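For the protein sequence lines, the chains are W, A, C and E, in the order given.
First residue of the first sequence? That's 1 in my numbering, and the numbers climb one at a time after it.
First residue of the second sequence? That's 1 in my numbering, and the numbers climb one at a time after it.
First residue of the third sequence? That's 1 in my numbering, and the numbers climb one at a time after it.
First residue of the fourth sequence? That's 1 in my numbering, and the numbers climb one at a time after it.
In short, the hints are calculated from the structure, not lab data.
Some clues are possibly wrong.
You can't tell identical chains apart in this list, so a pair holds if it fits in one copy or across any two.
[What the hints assert, rightly or not] Cut-off 25 Å, straight-line C-alpha distance, at most; resulting in silico cross-link-like pairs (BS3-like, lysine-lysine): (1) Lys99 with Lys26; (2) Lys40 with Lys12; (3) Lys80 with Lys64; (4) Lys80 with Lys99; (5) Lys64 with Lys12; (6) Lys64 with Lys99; (7) Lys64 with Lys103; (8) Lys12 with Lys80; (9) Lys26 with Lys40; (10) Lys26 with Lys80; (11) Lys103 with Lys80.
The structure presented is a predicted model; accordingly, all values stated were derived computationally and were not measured.
Each chain is listed here by its residues.
There are 4 protein chains.
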Amino acid sequence: MNHCEDNNVNAKMVPRTEEEIESLIKRLRRIEGQVRGVQKMVEDNRYCIDILVQISAIQAALNKVGLNLLERHVNHCFAKAIREGNGEESIRELMDVIKQFSK
Amino acid sequence: MNHCEDNNVNAKMVPRTEEEIESLIKRLRRIEGQVRGVQKMVEDNRYCIDILVQISAIQAALNKVGLNLLERHVNHCFAKAIREGNGEESIRELMDVIKQFSK
Amino acid sequence: MNHCEDNNVNAKMVPRTEEEIESLIKRLRRIEGQVRGVQKMVEDNRYCIDILVQISAIQAALNKVGLNLLERHVNHCFAKAIREGNGEESIRELMDVIKQFSK
Amino acid sequence: MNHCEDNNVNAKMVPRTEEEIESLIKRLRRIEGQVRGVQKMVEDNRYCIDILVQISAIQAALNKVGLNLLERHVNHCFAKAIREGNGEESIRELMDVIKQFSK
Chain W
1 MNHCEDNNVN
11 AKMVPRTEEE
21 IESLIKRLRR
31 IEGQVRGVQK
41 MVEDNRYCID
51 ILVQISAIQA
61 ALNKVGLNLL
71 ERHVNHCFAK
81 AIREGNGEES
91 IRELMDVIKQ
101 FSK
Chain A
1 MNHCEDNNVN
11 AKMVPRTEEE
21 IESLIKRLRR
31 IEGQVRGVQK
41 MVEDNRYCID
51 ILVQISAIQA
61 ALNKVGLNLL
71 ERHVNHCFAK
81 AIREGNGEES
91 IRELMDVIKQ
101 FSK
Chain C
1 MNHCEDNNVN
11 AKMVPRTEEE
21 IESLIKRLRR
31 IEGQVRGVQK
41 MVEDNRYCID
51 ILVQISAIQA
61 ALNKVGLNLL
71 ERHVNHCFAK
81 AIREGNGEES
91 IRELMDVIKQ
101 FSK
Chain E
1 MNHCEDNNVN
11 AKMVPRTEEE
21 IESLIKRLRR
31 IEGQVRGVQK
41 MVEDNRYCID
51 ILVQISAIQA
61 ALNKVGLNLL
71 ERHVNHCFAK
81 AIREGNGEES
91 IRELMDVIKQ
101 FSK
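Make the full structure from the sequences, and use the hints.
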């Protein structure tokens, strides 16, 4: 719990475990590689539809990471805020982010 | 038009201009940088909501690149296929990709 | 709170006020009218693009009602479940519904 | 083809067949019924999550109708416009509607 005193860690935040961080980084690196792959496809003048299929795969992967982060947030930080009576701001934040994703 | 004989260029493809390629690459590099930025945020144990806002920005940027590619495709390759009487396959391809994006 | 004993009211549910119900019904009636409007457009053989614009407006309206319901749910029923220590099922439910909407 | 002289039919429009109209109307009536069902759920003070699941089902059904209309449009009216050299306006229209749906 002394992670909470870490400067980089928001007070509202239940810190992620090593495993959680590793798993997220791994997925984000794969996404980074996919974005580079699309750059290569563009440089090689590859067919638009093939590039679009690839972009759509990146979006699906990003969406998964997003839902994963959201689930963890609701389970930990959000539930904690409600329990500690700091629900109001957390609810506003959560709804804002859900609205942004539902666009 | 002799780009069409290039191995990397699909016969169905009206090749992109230098400017088009450059502009796409520039946007994709920025997206790649944003994905690396999210990795850094995860490593720094940053607040979930802030990371989610960032991911949502990447999705919006990817969506713009996708729509840009789609618009160009419809304007060039797709219109060409219809004019040359090869519309059927092109329509199926186009609808498949639109369905994937509408998910 | 004796609404809670009402058969139609789920125990997990903080009952909606008269005003909330009225406002939701009003919006849903408007949506129902829009769906009937699209039927009329189809019967009149109206231009596809015009019908699609109308369908997209209905989707935006439904999305707004959905976000409104979700916001109220998070504010009331969900926060209550967390406070009462019944968070686990509520979190699963919430994430399931968010996943469905993000599709 | 004399449908084209019908006042209700846009000149850009390849008229729908009786079967196409019937099938669309049937699906839209079902959607109308689903919207009424949600009104009933709200009146009965039903649990938010159950209503949200229902709204998400309506959105999926509307999306299907939209994709169906879009496919038919691309196959008929759009392909016709391209062939007749009136592609420019049609492409703009199509992209506008795709952008609206991708929001």
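For each hint, the structure was consulted:
Taking the shortest alpha-carbon separations for Lys99 and Lys26, only the inter-copy value of 22 Å comes in at or below 25 Å, while the best intra-copy value is 27 Å. For the homomeric pair Lys40 and Lys12, the shortest alpha-carbon distance between copies (19 Å) is at most 25 Å, but the shortest distance inside one copy (41 Å) is not. In this assembly of identical chains, Lys80 and Lys64 lie within 25 Å of each other by CA distance solely inside one copy; the values are 23 Å within and 28 Å between copies. In the homo-oligomer, the alpha carbons of Lys80 and Lys99 lie at most 25 Å apart both inside one protomer (22 Å) and across protomers (22 Å), since each shortest distance falls under that limit.
Taking the closest pair of Cα atoms, Lys64 and Lys12 come within 25 Å of each other only inside a single copy of the chain (23 Å); across copies the shortest separation is 28 Å, beyond that limit. Taking the shortest Cα distances, Lys64 and Lys99 sit within 25 Å of each other both inside one copy (17 Å) and across copies (9 Å). Taking the closest pair of Cα atoms, Lys64 and Lys103 come within 25 Å of each other both inside a single copy (16 Å) and across two copies (11 Å). In the homo-oligomer, the alpha carbons of Lys12 and Lys80 lie at most 25 Å apart both inside one protomer (8 Å) and across protomers (20 Å), since each shortest distance falls under that limit.
Taking CA atoms no more than 25 Å apart as the test, Lys26 paired with Lys40 passes in both settings, with 21 Å inside one copy and 12 Å between copies. Taking the closest pair of Cα atoms, Lys26 and Lys80 never come within 25 Å of each other, the shortest separation being 27 Å inside a single copy and 36 Å across copies. Neither within a single protomer nor between protomers do Lys103 and Lys80 lie at most 25 Å apart by alpha-carbon distance, with minima of 28 Å and 28 Å respectively.
In summary, the numbered hints that this structure violates are 10 and 11.
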